[in-house]
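**Q** In case you want the letters, here they are:
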Amino acid sequence: MASTSFVRGKATLPDLPYDYGALEPSISGKIMELHHKNHHQTYVNSFNAASEQLEAAESKEDIAAQIALQPLINFHGGGHINHTLFWENLAPSKNGGGGEPAGSLKTAIESSYGDFSQFKTKFNTALAGIQGSGWAWLVKDNETGQVQIRTYANQDPVVGKYTPLLGVDAWEHAYYLQYQNRKAEYFSAIWDVINWKAVEGRLK
Amino acid sequence: MAAQAKYTLPDLPYKHDALEPHISAQIMTLHHTKHHQTCVNNLNAALSSLSTAVAKNDIVSQLHLQQNINFNAGGHVNHTLFWENLIPASSPSTSPSAAPKLSAALTSRFGSVEKLQEKFNAVLLGLKCSGWGWLVRDIESGNLELTTSKDQDIVPVGKKPLLGIDMWEHAYYLQYLNDKGSYAKGIWKVVNWKKVEERFESSPEGVFGILSGLRSSI
Numbered sequence: 000m001a002s003t004s005f006v007r008g009k010a011t012l013p014d015l016p017y018d019y020g021a022l023e024p025s026i027s028g029k030i031m032e033l034h035h036k037n038h039h040q041t042y043v044n045s046f047n048a049a050s051e052q053l054e055a056a057e058s059k060e061d062i063a064a065q066i067a068l069q070p071l072i073n074f075h076g077g078g079h080i081n082h083t084l085f086w087e088n089l090a091p092s093k094n095g096g097g098g099e100p101a102g103s104l105k106t107a108i109e110s111s112y113g114d115f116s117q118f119k120t121k122f123n124t125a126l127a128g129i130q131g132s133g134w135a136w137l138v139k140d141n142e143t144g145q146v147q148i149r150t151y152a153n154q155d156p157v158v159g160k161y162t163p164l165l166g167v168d169a170w171e172h173a174y175y176l177q178y179q180n181r182k183a184e185y186f187s188a189i190w191d192v193i194n195w196k197a198v199e200g201r202l203k
Numbered sequence: 000m001a002a003q004a005k006y007t008l009p010d011l012p013y014k015h016d017a018l019e020p021h022i023s024a025q026i027m028t029l030h031h032t033k034h035h036q037t038c039v040n041n042l043n044a045a046l047s048s049l050s051t052a053v054a055k056n057d058i059v060s061q062l063h064l065q066q067n068i069n070f071n072a073g074g075h076v077n078h079t080l081f082w083e084n085l086i087p088a089s090s091p092s093t094s095p096s097a098a099p100k101l102s103a104a105l106t107s108r109f110g111s112v113e114k115l116q117e118k119f120n121a122v123l124l125g126l127k128c129s130g131w132g133w134l135v136r137d138i139e140s141g142n143l144e145l146t147t148s149k150d151q152d153i154v155p156v157g158k159k160p161l162l163g164i165d166m167w168e169h170a171y172y173l174q175y176l177n178d179k180g181s182y183a184k185g186i187w188k189v190v191n192w193k194k195v196e197e198r199f200e201s202s203p204e205g206v207f208g209i210l211s212g213l214r215s216s217i
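Protein sequence lines, in the order shown, are assigned to chains G and C.
The opening residue of the first sequence carries number 0 in numbering that gives the first Met the number 0; numbering runs sequentially from there.
The opening residue of the second sequence carries number 0 in numbering that gives the first Met the number 0; numbering runs sequentially from there.
Since the hints were made in silico from the structure, they are not lab data.
Treat the hints loosely; a few may be bogus.
[To be verified] Lysine-lysine pairs mimicking BS3-like chemistry, simulated, CA-CA at most 25 Å apart:
| hint | chain 1 | residue 1 | chain 2 | residue 2 |
| --- | --- | --- | --- | --- |
| 1 | G | 29 | C | 127 |
| 2 | G | 36 | C | 158 |
| 3 | G | 182 | C | 118 |
| 4 | G | 29 | G | 105 |
| 5 | C | 158 | C | 118 |
| 6 | C | 127 | G | 182 |
| 7 | C | 33 | G | 29 |
| 8 | C | 127 | G | 160 |
| 9 | C | 127 | G | 36 |
| 10 | G | 182 | G | 121 |
| 11 | C | 33 | C | 118 |
| 12 | C | 33 | G | 182 |
The structure displayed is predicted, hence computed values, not measured ones.
Make a model of the complete structure from these sequences and hints.
**A** Shown next, in the form of structure tokens:
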């Protein structure tokens, strides 16, 4: 059988499911545009570049080069995954954003955190406690099925033992133009644009 | 138990708008009076909790406080060094000729001052986190090296910081947005080479000045 060369699909920037200005006043249109068109695009481009180098290293069976590329794959691949999940777990408040979780997600959150308000407080504390760049996530523990809040440094993605349900970007670029150093105000405002339906969909 | 020394926000050696157009007055004001001040406040609070824990022989609480102290004390040290190694572009100290001995050492190590700047900028742009880029001198060998520190980590033991550049997004975002390359390029116009030369020649304690006591407690 003739050998066929395998060409990997390139990662591409996903369209946002809403306009840049649609999350105002929680997140300004300018932030959304830069965040999506510039930051997320850079992760996509750099991930593709690193993937190409990885492919070349694999075809040369250069293990050292493959290992050396892992931090770049983790960072840019993580950035691509994290932002894609983030856009999807947000929604304009006039289009379903905000409010409270329902159904099995509500039950899971209450089982771990008592009630929604306590969960929100804990999530905001986790966000405020991030020292440096990173994300806070509500994740599902794949072994126990329980949900919990976890923080991740930089662009480390939620993989392995946990399934990502809800992510909030705590990098300064996610809020600085609008909130400057007052990040607690951003963490408080983001709850008005959480797409709980999307979050619940990930639990199933 | 002795009362814990309170750290205070140092005054800037220039006005908040003095580094324009390379760093805007709005950035400098927020960076100094909010971000740096928050590090100082949180550091004092953590040190006060630490005193309490020490007085109670509560070693677990002491350990829990370490990360907090590392972050906020590091933030205080790093920002203090940063303000001091910057100066308005109109100053003669922004010319590498204000640092003749260091320039010679940089030329011998990196080829030229311009090559050092290119390499330094590549290091800055390669950071995959909030953090800092540093020109350091290895205390034992005397060698000049480029290194990075994540978040608010200070440069490691055995290295003397000569020049630090803040690559947290709050250091440039209001002016440069995602174009951190332009920030990294522009900042060379306001580097205080005279100060960097002083650090090059100084003892490690001299570099940290009033902060040396703090450094040993991180």
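**Q** For the pair we were handed, residue 127(C) and residue 160(G), check the Cα-Cα distance against 25 Å.
**A** holds, 24 Å
**Q** Holds or violated: residue 182(G) with residue 121(G), Cα cutoff 25 Å?
**A** OK: residue 182(G) and residue 121(G) at ~16 Å, within 25 Å.
**Q** Has the given pair, residue 29(G) with residue 127(C), been kept, meaning a C-alpha gap of at most 25 Å?
**A** holds, 23 Å
**Q** Measure nothing beyond the straight line between the CA atoms of residue 33(C) and residue 29(G); if it is 25 Å or shorter, mark the hint as holding.
**A** Holds, because 23 Å separates the two Cα atoms, which is no more than 25 Å.
**Q** Given the hinted pair residue 29(G) and residue 105(G), is their alpha-carbon gap at most 25 Å?
**A** violated, 33 Å
**Q** Verify the proposed pairing of residue 158(C) with residue 118(C), using a straight-line Cα cut of 25 Å.
**A** It holds: about 19 Å lies between the C-alpha atoms, which stays within 25 Å.
**Q** What's the verdict on residue 36(G) and residue 158(C), does the C-alpha distance respect the 25 Å limit or exceed it?
**A** violated, 40 Å
**Q** Given the proposed pairing of residue 33(C) with residue 118(C), does the C-alpha separation stay at or below 25 Å?
**A** violated, 31 Å
**Q** When you check the alpha-carbon spacing of residue 33(C) and residue 182(G), does it fall within 25 Å?
**A** holds, 12 Å
**Q** Against the 25 Å threshold, does the CA-CA distance of residue 127(C) and residue 182(G) hold or violate the hint?
**A** holds, 21 Å
**Q** Taking only the CA atoms, is the gap from residue 127(C) to residue 36(G) under or equal to 25 Å?
**A** OK: residue 127(C) and residue 36(G) at ~19 Å, within 25 Å.
**Q** Would the hint linking residue 182(G) and residue 118(C) be met if the CA-CA limit is 25 Å?
**A** With a Cα-Cα distance of about 33 Å, the restraint between residue 182(G) and residue 118(C) is violated, given a limit of 25 Å.
Hints 2, 3, 4 and 11, counting from the list given before, are not met by this structure.
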